[in-house]
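Take a look at the letters that make up each chain.
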Amino acid sequence: MYALEMIEITKEFPGVKALDRVSFKVKKGEIHALCGENGAGKSTLMKVLSGLYPAGTYQGEIQIDGEKKEFHQIMDAEKAGIAIIHQELALVKEMTVGENIFLGAEPIKRGVIQWDELYHQAAGWLKKVGLKVSPETKIGTLGIGQQQLVEIAKALSKNTKILILDEPTAALTESEVEILMGLLHQLRNNGVSCIYISHKMPEVFRLADSITILRDGRTIATLDSKEADDDKVVSLMVGRELTERYPRVKHTPLETVLEVRNYSVSHKDIPGKRVIKDINLTLRKGEILGIAGLMGAGRTELAMSLFGAYEGKAEGEVLIDGKPVQIRSVQEAIQAGLALVTEDRKRLGLVLGMDIKTNTTMAALEKVTKWGTIHTNEEIKWGQKYVDDLRTKTPSLETTVGTLSGGNQQKVVLGKWLMADPKILILDEPTRGIDVGAKYEIYHLMNKLVERGVAIIMISSELPEVLGMSDRILVMRDGTFVKEIEWREATQENIMLAATGGI
Amino acid sequence: MQAKIETNENTISKGNALKHLLGKMDVRAYTMVAAVILIWLLFGMLNDTFLTARNLSNLFTQMSVTAILAIGMVLVIVSGHIDLSVGSLVGLTGGVAAIMSNWMGMPTSAVILGTLIVGLLLGMLQGWLVAYQAIPAFIVTLGGMMAFRGALMGITKSTTISISDPSFALLGNAYFAKGFGLIMAAIAIAFLIYSMWTNRKSRQKYGFEIPSFSLDIGKLVFFSLLIIVFVLVMNSYKGIPFPIIFVILLAILFTFLAKKTRFGRHVYAIGGNVDAARLSGINIRWKTMMVFVLSGLLASIAALVLTSRLSSATITAGQMYELDAIAACVIGGTSLIGGSGTIVGAIIGALVMTSLDNGMSLMGLESFWQYVAKGTILVFAVWLDITSRRKKAGK
Ligand SMILES: Nc1ncnc2c1ncn2[C@@H]1O[C@H](COP(=O)(O)OP(=O)(O)OP(=O)(O)O)[C@@H](O)[C@H]1O
Ligand SMILES: [Mg+2]
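Those protein sequence lines, which keep their order, are chains A and B. Just so we're aligned: 133 in the numbering used here is position 133 of the first sequence, and the numbers increase by one with no gaps anywhere. Just so we're aligned: 393 in the numbering used here is position 393 of the second sequence, and the numbers increase by one with no gaps anywhere.
Calculated directly from the structure, the hints in this document are not laboratory data. If you're wondering where the values come from, they're calculated on a predicted model, not measured in any experiment. The hints are all genuine.
Distance windows between CB atoms, simulated:
hint : chain 1 : residue 1 : chain 2 : residue 2 : range
1    : B       : G375      : A       : G56       : 33 to 43 Å
2    : B       : L232      : A       : R347      : 51 to 61 Å
3    : B       : S195      : A       : D421      : 26 to 36 Å
A virtual CB, placed ideally from N, CA and C, is assigned to each residue, including glycine.
All chains, full assembly: derive it from the sequences and hints.
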C-alpha cells in the first residue's frame, strides 16, 4: 500500500519537456529520496504534487492512499496532507515566527485573531522541531538553518502526512543538519512520509529508505537504499561512471596577488559590533584558498566587504599586486580585478526576469559594447560560450533565468563572473544546489582558471569540497581566522574542531 | 554528465522554428496595434469625421504631449520608481518658456535652451533626492507635483501668458512640406531595409540561425506600408505635423538608449533586481538620478510643444498629465514592479488614450462618460495583459 502514487506524469513548458511519463511511489512512513541532476525535473515533480501546478496543466494521475486526487490549488494539496518546503525559503521576513507558522491558518474567534492562542500553539510546534527561539522573534533575525526549522514547524502544523523537502540542507551547517535528520527520523516513526531531495549523497544514504532517480525528466530507477551505494546512484543519475569527485591537480602558486592586513569590518546594523576582527590574509596567484567555518562565522561578510558590497565600515589595509587599494564600491572592486559569486543567487546574483545572455553579460557589458552600442550578436556569442563551457541546461539563450532549475541558475551566475575575467575570484558556496556531475565540471573549471594564473578564494560549508579542492585552508570562527592548514594535513576532524572552537 | 548540451541551434527543430521566431517578435506590440485599429474602426463607424485626414492629423498632434511624457515615464517605471511630477513640470517649464519668450523677449532658440535646462535641473534635483538621499520617489515627486504647480502660479502671478513670437508658435503648429514628408518616408524605408540586411549578414557571420527570408520581407512590407499610409494620410491634409516628428525622433532615440546602450540595460537590471545589479558593479545611484534627469528633460520638451501649440501658458497646463503618461505606459505593457516595458508600447498606449479622448469628444459624449470609459479601459487592458501572461506561464 502506497501513501502516494504519481502515475505517468508529463509536464511541458514552452520548449522543454520537464517531466516525461514519470512514475513515483512513496510508502507510508518512509523517507524517500529523489535524486537527479540539475534540471532533471525533481522540483517540477514536487510542484505538481503540491498543487503549485494545478491539475490540467499536466498529464497523469495522483493517488493518495489509493484514492485518485486532483489538486487545483495549493490548498487542495494541503487538505490532502501534503506540505512542501521549497528549495528557496518562503517566509515573510518582517513577520514573527508565530505569524509565519500560522500564515493563512490563524486561529480566530468571531473573525478576530487569537494572538495568545497562536503563540502558544507556535511554541508547541517549535518545541517539536527542537528550535529554541521565542515565537515572537522576527524571522529576519534568524539564521537560514533556523528558518528552515520554522518552515518544517509550519508544515507540521498543517497535519501533514507527506512532507516534501526540496534541498533542505543546502544552506545548513553540520549541526543543523544533525537536528534536521533526527527530526525526520522521528517523523518517520510517527507515520509521516518524507520526500527528500538532495544532491548530498552521504545524507541521502543516512536518511533514506528508498531512492528514486530521475534523469532528463524520466524515472530511471527506484532502489532500496540498503541495496544501493553511492557510485551506483551517481552513475544512474549522470548516465555514466564517475570515478573521481575532486579533480586535484598540482597547482604552482606564484607571487602574492592579494594581501589583507589588520582588516576589521563593523556590523552593518549594530554600531560597535565587529563581524570581522583584525584578520590577515595573503592569496597567491594560481592557488585555491579554502575558507571553512560555521555559518555565521563571518565568511560571507568578509567576502562582501572585500568586494565593496558590505554596508558596514571596513578598516585595515588591502593590497593588490603589492599596491594599496581603496575599494569602496563594487565598480572599484571589479576594476581592481575582483569578482564575487555570491551565495544567494536569486536575491543577489541574478535578475530573474531577464534572459540568460543578458545576465551573463551584466558585469562585463563593455566587452560587447562598441561605440556605446550593445552588439546583440556578440552578446549571444558570449552567452553561448558560457552555456557551452558550463553545460548549462536550457532551451535557449533567451530563456528567462527565473525558469531555470536551481543548479542551472548557479551556472549562469558563474558564467557572468567568468566573463568579467577576474584576477581574484571569490566563490561563496559555489556548488550549493549543484549536482555531482556539474560540481565536477566546476572544479575542473577552477583548476583551469588557476592554471591561467587566477587566484581563487573558495568559501564553502561542504567540508569534502574544501578538503578536495583547496591548496590551503583557513578556518574562520567569530570573525577571525583561528587556524591555517595545508591541504595535506587537513582532515574533516581538525577543521571542525577549529571551527567549533575545540582547537 | 549526460553530454547533452542543449544549445540554441539544435533544440529548435524545424517545425518549432517559425513558432520560435514569431514568439520573438513583439506579439504584444502587434495586438496593441490591432487594438488601436479596432478602436478607430469603431469610432469611424459611429462618427463620420473621426477617420478624416484632418481629424487624424489632429489626433496625432494631441497625442504628442502624452507620448513624450510616456517615453520618460517608461524609463522611470522600469527602474522601479514613479514620477508624479511630470504634469506640474510641464506646467512650470511651459510658464518659464512663456515668460522668457514674452516678458523677456528672448529669441526662440534661447527660450528652448533655457526651458530644457530648467526641466533638466528640476529632474536632477528630484533624482538626487531619490537616488542619493533615499527618499521614495512617490514622495519626492508628489512633493514636486505640488511645489512645481505652486511655483508656476508664483512666477506667472497666476495669469495666462500668451505667446506672441511667431517662430515659437511654429514648434507646435507647423507642418512639414509634403515633399519633405515623402523624402522622410523614403529614408525610413531605406533604413528598414538596411537594418534588416545588416542584421541578417551579421547573424550569418556569427553562424546564428537567420529568420526566414519571407518572414523578414513580410515584416518589411508591413512596416513600409504603415509608413507610406501614414505619410499619405497626413499629406492629404497639411503634411506631417511638427510635434509628431519630435515624438518619432524621441521614440527612436530612447528605444536605442533602452535597448542598445549600457545605460538602458542597467536601468532594466536595476528595476529587475537592485541587489543583483549593485553586485554586478552597476552604479545604481547615478543611473537612477539620470533616469529622473531624462524624465525632467522630456517634460520640458513636452512643455515646449504644448505651450507653442496652445500659444499660451496657463496655470492649469499639464494638470493630470502624469496620470495619462502612467496609464499609457501601463496599457503599453510596462510593469509597475519595474524591470520590463518598452517605449513603443508606451507610445501605442498614448495613442489608445488619445484616440478615446478624441473619439468621444467628437461624438459629443459628456465628459463624465469620457472619464469612466478611460478608467475602465485602463483596468481592462491590464487585466487582459495579466490573464494572457498567466495563461502562457501556466501551460
Ligand atoms: N516555469 C518554467 N518554465 C519553463 N521551464 C521550466 C520552468 N520550471 C522548470 N523548467 C524547466 O524544467 C526542467 C526541470 O526543472 P526542475 O526545476 O524540476 O529541475 P531540478 O531537478 O529541481 O533541478 P535542480 O537540482 O537544479 O534544482 C529544467 O530544464 C527547467 O529549465
Ligand atoms: Mg530543484
